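So the sequences go chain by chain: X and D. Taking our numbering, I'd label the letters of the first sequence as residues 11 to 124. Taking our numbering, I'd label the letters of the second sequence as residues 6 to 122.
Simulated from the structure, these hints should not be mistaken for lab results. Note that the structure is a prediction, hence the values are computed from the model and not measured. Be aware that one or more of the hints could be misleading.
Now the stretches of chain X that chain D is said to cover, found in silico as 3 or more residues with beta-carbon under 8 Å [as the list claims (entries may be wrong)]:
| hint | stretch |
| --- | --- |
| 1 | 50-57 |
| 2 | 111-118 |
Cut-off 25 Å, straight-line C-alpha distance, at most; resulting in silico cross-link-like pairs (BS3-like, lysine-lysine) [said to hold, decoys possible]:
| hint | chain 1 | residue 1 | chain 2 | residue 2 |
| --- | --- | --- | --- | --- |
| 3 | X | Lys111 | D | Lys60 |
| 4 | X | Lys111 | D | Lys25 |
| 5 | X | Lys79 | X | Lys68 |
| 6 | D | Lys71 | D | Lys19 |
| 7 | D | Lys69 | D | Lys25 |
| 8 | X | Lys59 | X | Lys79 |
| 9 | D | Lys69 | X | Lys111 |
| 10 | X | Lys123 | D | Lys71 |
| 11 | X | Lys79 | X | Lys111 |
| 12 | D | Lys46 | X | Lys111 |
| 13 | X | Lys111 | D | Lys71 |
| 14 | D | Lys46 | X | Lys59 |
Backbone N, C-alpha and C fix where the C-beta goes; we use that ideal spot for every residue, glycine too.
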Amino acid sequence: AQSVTQLDSQVPVFEEAPVELRCNYSSSVSVYLFWYVQYPNQGLQLLLKYLSGSTLVKGINGFEAEFNKSQTSFHLRKPSVHISDTAEYFCAVTLSGNTGKLIFGQGTTLQVKP
Amino acid sequence: GAVVSQHPSWVICKSGTSVKIECRSLDFQATTMFWYRQFPKQSLMLMATSNEGSKATYEQGVEKDKFLINHASLTLSTLTVTSAHPEDSSFYICSARDTLLNTGELFFGEGSRLTVL
Numbered sequence: 011a012q013s014v015t016q017l018d019s020q021v022p023v024f025e026e027a028p029v030e031l032r033c034n035y036s037s038s039v040s041v042y043l044f045w046y047v048q049y050p051n052q053g054l055q056l057l058l059k060y061l062s063g064s065t066l067v068k069g070i071n072g073f074e075a076e077f078n079k080s081q082t083s084f085h086l087r088k089p090s091v092h093i094s095d096t097a098e099y100f101c102a103v104t105l106s107g108n109t110g111k112l113i114f115g116q117g118t119t120l121q122v123k124p
Numbered sequence: 006g007a008v009v010s011q012h013p014s015w016v017i018c019k020s021g022t023s024v025k026i027e028c029r030s031l032d033f034q035a036t037t038m039f040w041y042r043q044f045p046k047q048s049l050m051l052m053a054t055s056n057e058g059s060k061a062t063y064e065q066g067v068e069k070d071k072f073l074i075n076h077a078s079l080t081l082s083t084l085t086v087t088s089a090h091p092e093d094s095s096f097y098i099c100s101a102r103d104t105l106l107n108t109g110e111l112f113f114g115e116g117s118r119l120t121v122l
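My request is simple: use the sequences and hints to build the entire structure.
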């Protein structure tokens with residue numbers, strides 16, 4: 011079975027500073043990896059996804075993530091954050107293909123301070 | 006991108022009543038939809054996988070008689086919370102996977118906040 015661990019429950023950062031949200035996964039087979047963002051009382055919005063190919067994935071809102079198979083990680087980064095990036099971020103994993111369940115990590119609260 | 010619409014966004018009901026939440030894929034067909042439950046400040050917990058034309062598959066610990074799921078068409082799945090009690094109060098989120106894509110990506114509804122008095 012697949013699992014995801016987000017190593018930080020909260021990440022406070024000042025506006026315009028860089029940020030990294032950490033995610034590690036566990037799986038014995040090939041997987042797809044995702045980062046979603048959730049604003050208060052809303053559903054989830056996809057930031058980016060890794061299916062195959064280039065290990066550096068670029069997403070919306072200036073976010074990017076790097077798939078590292080040897081370290082089983084998929085950390086999310088942004089070089090300069092804005093106040094509007096304050097939200098809950100979820101890393102998720104599913105089996106490669108279109109049939110698996112999507113399993114979420116515990117979530118990381120990004121708090122951007124002015 | 007693909008749009009999933011969830012209704013109602015907010016619902017308040019009395020203890021003992023039943024509440025139905027609808028999840029619609031607006032511009033794509035979804036053979037499979039997923040229902041999640043989210044408690045405050047927590048992650049999404051998968052409740053069940055809804056399969057068009059067949060019975061839903063429930064995760065361990067989820068009462069299938071309490072949370073009835075129907076997926077009668079390729080664009081609609083419903084979750085009915087039967088005989089709701091205050092402990093059923095939560096944020097319920099549905100998601101759908103585009104049958105024609107092979108990206109594993111799920112598209113999420115806006116969520117439904119249920120409050121049982």
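To see whether the hints hold, each was checked on the structure:
For the stretch 50-57 of chain X, the assignment as covered by chain D holds, since 6 residues bring a beta-carbon within under 8 Å of that chain's beta-carbons and 3 suffice. Here the stretch 111-118 of chain X counts 7 residues with a CB under 8 Å from a CB of chain D, which clears the bar of 3, and the coverage holds. Under the criterion of a C-alpha separation no larger than 25 Å, the hint pairing Lys111/X with Lys60/D is consistent with the structure, at around 16 Å. A threshold of 25 Å between alpha carbons decides the hint, and for Lys111/X with Lys25/D the separation of about 23 Å falls inside it, so the pair holds.
Between Lys79/X and Lys68/X the alpha-carbon distance is near 17 Å, which keeps this suggested pair within the 25 Å criterion. A C-alpha spacing of about 16 Å is found between Lys71/D and Lys19/D, which places the hinted pair at or below 25 Å, so the restraint holds. A hinted pair counts as satisfied when its Cα atoms are at most 25 Å apart, and Lys69/D with Lys25/D qualifies at roughly 14 Å. Between Lys59/X and Lys79/X the alpha-carbon distance is near 15 Å, which keeps this suggested pair within the 25 Å criterion.
Distance check on the hinted pair: Lys69/D and Lys111/X sit about 18 Å apart at the alpha-carbon level, within 25 Å; holds. Our distance criterion of 25 Å between C-alpha atoms is broken by Lys123/X and Lys71/D, whose separation comes to about 43 Å. Restraint check for Lys79/X and Lys111/X: the C-alpha separation of about 21 Å stays at or below 25 Å, so the hint holds. With a C-alpha separation of about 22 Å, the suggested pair Lys46/D and Lys111/X falls inside the 25 Å cut-off, and the hint holds.
Simply put, Lys111/X and Lys71/D have alpha-carbon atoms about 22 Å apart, close enough for the 25 Å limit, and the pair holds. Simply put, Lys46/D and Lys59/X have alpha-carbon atoms about 24 Å apart, close enough for the 25 Å limit, and the pair holds.
Checked against the numbered hints above, the structure violates only hint 10.
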